[in-house]
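Student: This is what each chain is made of:
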Amino acid sequence: MRKAIDRSVVILCGAATVLILLMLVIILGNIIAHGTARLSWEFLTQPPAQGMTAGGIFPAIYGTVLLVILMSIVAVPFGVIVAIYFAEYAKRESRFYRWTRMAVNNLAGVPSIVFGLFGLGFFVHGIGQALDKGLYGGKLLLGQPSILWASMTMAVLTLPVVIITVEETMRAVPREYREASLALGATRLQTILRVVLPQSWSGILTGAILAVSRGAGEVAPVLFTGAAYFLPRLPTRVNDQFMQLGNHIYVLATQSPDVEATKPLLYSTVLVLLVLTFLLNVTAMVIRKRMRSWASR
Amino acid sequence: MRSSQVVSQLLRVSDVTNRRSLRRRQLMDRAAEALILSFASIAIAIILLIFVYVGREALPLLWENVDGASLASTVTPPADWQPVSANPRYNVIPLILGTLKVTFIAMLFGTPLALAAALYTSEFAPVRLREWIKPSVELLAGIPSVVMGFFALIVLASWLQEQFGLEFRLNALNAGIALALAIIPIIYTVSEDALSAVPNHYREASLALGASKIQTAVRVVFPAAMPGIGAAMILGFGRAIGETMIVLMASGNAAYMSLSPFVSTRTLSATVAAELGEVVFGGGHYRILFFLGTLLFVVTSVLNWAGDRYNRRMRMKLFGAE
Numbered sequence: 001m002r003k004a005i006d007r008s009v010v011i012l013c014g015a016a017t018v019l020i021l022l023m024l025v026i027i028l029g030n031i032i033a034h035g036t037a038r039l040s041w042e043f044l045t046q047p048p049a050q051g052m053t054a055g056g057i058f059p060a061i062y063g064t065v066l067l068v069i070l071m072s073i074v075a076v077p078f079g080v081i082v083a084i085y086f087a088e089y090a091k092r093e094s095r096f097y098r099w100t101r102m103a104v105n106n107l108a109g110v111p112s113i114v115f116g117l118f119g120l121g122f123f124v125h126g127i128g129q130a131l132d133k134g135l136y137g138g139k140l141l142l143g144q145p146s147i148l149w150a151s152m153t154m155a156v157l158t159l160p161v162v163i164i165t166v167e168e169t170m171r172a173v174p175r176e177y178r179e180a181s182l183a184l185g186a187t188r189l190q191t192i193l194r195v196v197l198p199q200s201w202s203g204i205l206t207g208a209i210l211a212v213s214r215g216a217g218e219v220a221p222v223l224f225t226g227a228a229y230f231l232p233r234l235p236t237r238v239n240d241q242f243m244q245l246g247n248h249i250y251v252l253a254t255q256s257p258d259v260e261a262t263k264p265l266l267y268s269t270v271l272v273l274l275v276l277t278f279l280l281n282v283t284a285m286v287i288r289k290r291m292r293s294w295a296s297r
Numbered sequence: 001m002r003s004s005q006v007v008s009q010l011l012r013v014s015d016v017t018n019r020r021s022l023r024r025r026q027l028m029d030r031a032a033e034a035l036i037l038s039f040a041s042i043a044i045a046i047i048l049l050i051f052v053y054v055g056r057e058a059l060p061l062l063w064e065n066v067d068g069a070s071l072a073s074t075v076t077p078p079a080d081w082q083p084v085s086a087n088p089r090y091n092v093i094p095l096i097l098g099t100l101k102v103t104f105i106a107m108l109f110g111t112p113l114a115l116a117a118a119l120y121t122s123e124f125a126p127v128r129l130r131e132w133i134k135p136s137v138e139l140l141a142g143i144p145s146v147v148m149g150f151f152a153l154i155v156l157a158s159w160l161q162e163q164f165g166l167e168f169r170l171n172a173l174n175a176g177i178a179l180a181l182a183i184i185p186i187i188y189t190v191s192e193d194a195l196s197a198v199p200n201h202y203r204e205a206s207l208a209l210g211a212s213k214i215q216t217a218v219r220v221v222f223p224a225a226m227p228g229i230g231a232a233m234i235l236g237f238g239r240a241i242g243e244t245m246i247v248l249m250a251s252g253n254a255a256y257m258s259l260s261p262f263v264s265t266r267t268l269s270a271t272v273a274a275e276l277g278e279v280v281f282g283g284g285h286y287r288i289l290f291f292l293g294t295l296l297f298v299v300t301s302v303l304n305w306a307g308d309r310y311n312r313r314m315r316m317k318l319f320g321a322e
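Chains A and B supply the protein sequences, listed in that same order. Under the numbering used here, the first residue of the first sequence is numbered 1, with each subsequent residue one higher. Under the numbering used here, the first residue of the second sequence is numbered 1, with each subsequent residue one higher.
Read the hints as simulated data drawn from the structure, not as lab findings. Don't take each hint at face value.
Stated by the list, open to error - DMTMM-like cross-link-like pairs, simulated, lysine to aspartate or glutamate; straight-line CA separation at most 20 Å:
id: 1; chain 1: A; residue 1: Lys91; chain 2: A; residue 2: Glu179
id: 2; chain 1: B; residue 1: Lys317; chain 2: B; residue 2: Glu204
id: 3; chain 1: A; residue 1: Lys289; chain 2: B; residue 2: Glu138
id: 4; chain 1: A; residue 1: Lys289; chain 2: A; residue 2: Glu168
id: 5; chain 1: A; residue 1: Lys133; chain 2: A; residue 2: Asp240
id: 6; chain 1: B; residue 1: Lys317; chain 2: A; residue 2: Glu93
id: 7; chain 1: A; residue 1: Lys91; chain 2: B; residue 2: Glu33
id: 8; chain 1: A; residue 1: Lys289; chain 2: B; residue 2: Glu131
id: 9; chain 1: A; residue 1: Lys91; chain 2: B; residue 2: Asp29
id: 10; chain 1: A; residue 1: Lys91; chain 2: A; residue 2: Glu176
id: 11; chain 1: A; residue 1: Lys91; chain 2: A; residue 2: Glu168
id: 12; chain 1: B; residue 1: Lys213; chain 2: A; residue 2: Asp6
id: 13; chain 1: B; residue 1: Lys317; chain 2: B; residue 2: Asp193
id: 14; chain 1: B; residue 1: Lys134; chain 2: A; residue 2: Glu168
id: 15; chain 1: A; residue 1: Lys263; chain 2: A; residue 2: Glu42
id: 16; chain 1: A; residue 1: Lys139; chain 2: A; residue 2: Asp240
id: 17; chain 1: B; residue 1: Lys134; chain 2: B; residue 2: Asp193
id: 18; chain 1: A; residue 1: Lys91; chain 2: B; residue 2: Asp308
id: 19; chain 1: A; residue 1: Lys289; chain 2: B; residue 2: Asp193
All chains should be built: construct the whole structure from the sequences, respecting the hints.
Tutor: Below, the structure written as structure tokens:
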């Protein structure tokens with residue numbers, strides 16, 4: 001009796017695991033099966049045509065890449081510096097530490113749509129319009145949704161990803177290295193710059209990759225801060241609007257004039273985004289695993 | 001090889017040390033510390049800025065009545081959300097009901113699956129299998145929510161409608177199941193971490209007393225990890241409430257006052273996402289949408305904070321310190 005109950009517990013738990021993995025396989029299988037049909041070099045390099053029922057997705061890819069580059073330029077250095085604070089300077093019992101820790105944890109859980117509202121309220125209407133007033137005599141240049149403000153919004157959203165990943169790596173650097181460096185007469189700053197940071201580059205890379213993967217897939221934060229339904233030309237200035245892969249999927253899926261004609265294109269667009277984010281995630285996982293096995297050696 | 005690298009780095013440090021004056025280095029050190037601390041304080045500032053800048057746009061609702069939009073209008077009966085009409089109504093009760101309904105369905109499907117899988121991974125699975133399960137679930141977490149929404153909209157919705165003969169193709173059930181897929185990785189990861197963090201001597205003591213491996217897992221390890229599992233569920237709940245793209249695409253977005261999971265449903269987050277693009281800047285509708293955003297921010301912040309506390313309590317319980 002006891003054995004029967006025992007066995008059924010294991011089987012149930014195993015079945016739940018299998019079910020979760022099965023759903024992952026079904027989703028991936030479905031998207032790969034339907035997505036490869038329209039995938040071609042032209043699809044990746046041409047703009048949409050005929051009311052988005054033909055052509056490709058090049059502007060959306062271009063916009064997404066530009067977005068994550070601008071985002072990383074801000075989020076990665078900023079995140080690394082905050083991580084340095086957490087790993088090297090923070091005193092665990094101090095109030096400041098508790099507050100910053102709470103802020104970062106909280107930031108990680110703020111809904112992405114709230115970031116969209118924040119981006120519109122703070123960057124576009126706040127900073128953007130203030131800059132327009134101060135620098136350009138009230139001409140509307142920066143006080144409107146653009147790729148710059150979308151990137152900044154996304155940088156705020158991905159900041160906790162960078163901080164948490166980099167901090168973890170820095171903590172894994174053995175204490176003895178720091179002590180040896182300090183014993184040789186180096187200051188704390190020198191120790192961080194020349195001992196801790198060089199040992200943490202893989203963590204910084206992982207953090208950047210995870211941030212890019214997250215930033216490439218999020219849609220809600222850019223809906224009102226710069227993403228456009230359709231643009232005839234590529235963004236060339238920071239205050240241009242842009243097309244984004246995720247937003248393009250949303251638009252194609254919900255606002256297409258001809259759903260059946262759009263569907264193959266839609267599937268291929270989803271496949272492109274999925275391949276992009278998965279490649280990034282798998283790369284981050286591999287680096288992390290290497291890093292861990294090195295740390296435990 | 002690695003340690004020799006470190007040694008050479010250290011030697012370089014000492015080399016530089018000799019060349020520069022002590023005072024200058026100390027000055028640099030202090031300046032850097034100030035800089036780093038100020039960056040860390042920006043992290044706190046960001047959270048405050050989010051609250052201030054989202055809340056600021058909603059604040060005039062407290063004393064103003066713009067085109068029929070005021071704080072009172074959000075709860076004034078009848079329970080209708082009709083922001084775009086000659087006589088706009090901004091009652092948010094249907095939206096809150098919709099959010100809770102979809103979230104509840106997601107938790108109902110997601111929690112048992114995620115917890116059972118976490119227990120399996122941490123207690124029963126062979127080590128080599130474990131190393132495959134965890135990254136796979138992490139991959140599920142890596143699927144962008146717009147892709148999950150797309151899948152629910154195109155594939156899952158049709159399948160559910162066929163299976164159960166539903167009147168609405170897009171409904172709360174459809175959105176809830178897709179949402180479950182999004183929160184399973186969070187609940188799984190946090191609770192698996194909690195289960196794995198239970199020290200081995202708990203298990204050994206239980207086994208030594210004659211309990212089976214399964215009894216140990218269910219009656220000793222699981223209860224010991226309870227605060228962490230509570231944290232996992234709270235964090236999953238918070239994520240489900242705020243998740244936008246999935247519900248926006250999969251729920252049908254009609255604000256009915258109904259408890260049925262089979263009717264079209266509109267949530268708070270989806271309302272903001274769908275309507276903010278078309279409102280007049282500074283108008284009543286605009287302010288109400290920012291009010292919804294503030295509401296989401298406050299609720300998810302409280303949930304996050306509670307989840308954190310539970311997690312900390314877990315560590316306190318098991319290790320007597322953080």
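Student: State for each hint whether it applies.
Tutor: Hints, one by one, checked against the model:
1. A:Lys91 with A:Glu179: holds, 17 Å
2. B:Lys317 with B:Glu204: holds, 18 Å
3. A:Lys289 with B:Glu138: Within the cut-off at roughly 13 Å; holds.
4. A:Lys289 with A:Glu168: Answer holds: Lys289 (chain A) to Glu168 (chain A) is near 13 Å, not above 20 Å.
5. A:Lys133 with A:Asp240: holds, 19 Å
6. B:Lys317 with A:Glu93: holds, 18 Å
7. A:Lys91 with B:Glu33: holds, 13 Å
8. A:Lys289 with B:Glu131: Since the Cα atoms of Lys289 (chain A) and Glu131 (chain B) sit roughly 11 Å apart, the hinted pair holds (cutoff 20 Å).
9. A:Lys91 with B:Asp29: holds, 17 Å
10. A:Lys91 with A:Glu176: At roughly 19 Å apart (the allowed maximum being 20 Å), Glu176 (chain A) and Lys91 (chain A) satisfy the hint.
11. A:Lys91 with A:Glu168: holds, 16 Å
12. B:Lys213 with A:Asp6: holds, 8 Å
13. B:Lys317 with B:Asp193: holds, 15 Å
14. B:Lys134 with A:Glu168: At roughly 19 Å apart (the allowed maximum being 20 Å), Glu168 (chain A) and Lys134 (chain B) satisfy the hint.
15. A:Lys263 with A:Glu42: holds, 17 Å
16. A:Lys139 with A:Asp240: Holds: Lys139 (chain A) and Asp240 (chain A) sit about 15 Å apart, inside 20 Å.
17. B:Lys134 with B:Asp193: Holds, at about 11 Å.
18. A:Lys91 with B:Asp308: It holds: about 19 Å lies between the C-alpha atoms, which stays within 20 Å.
19. A:Lys289 with B:Asp193: holds, 17 Å
Checked against the numbered hints above, the structure breaks none of them.
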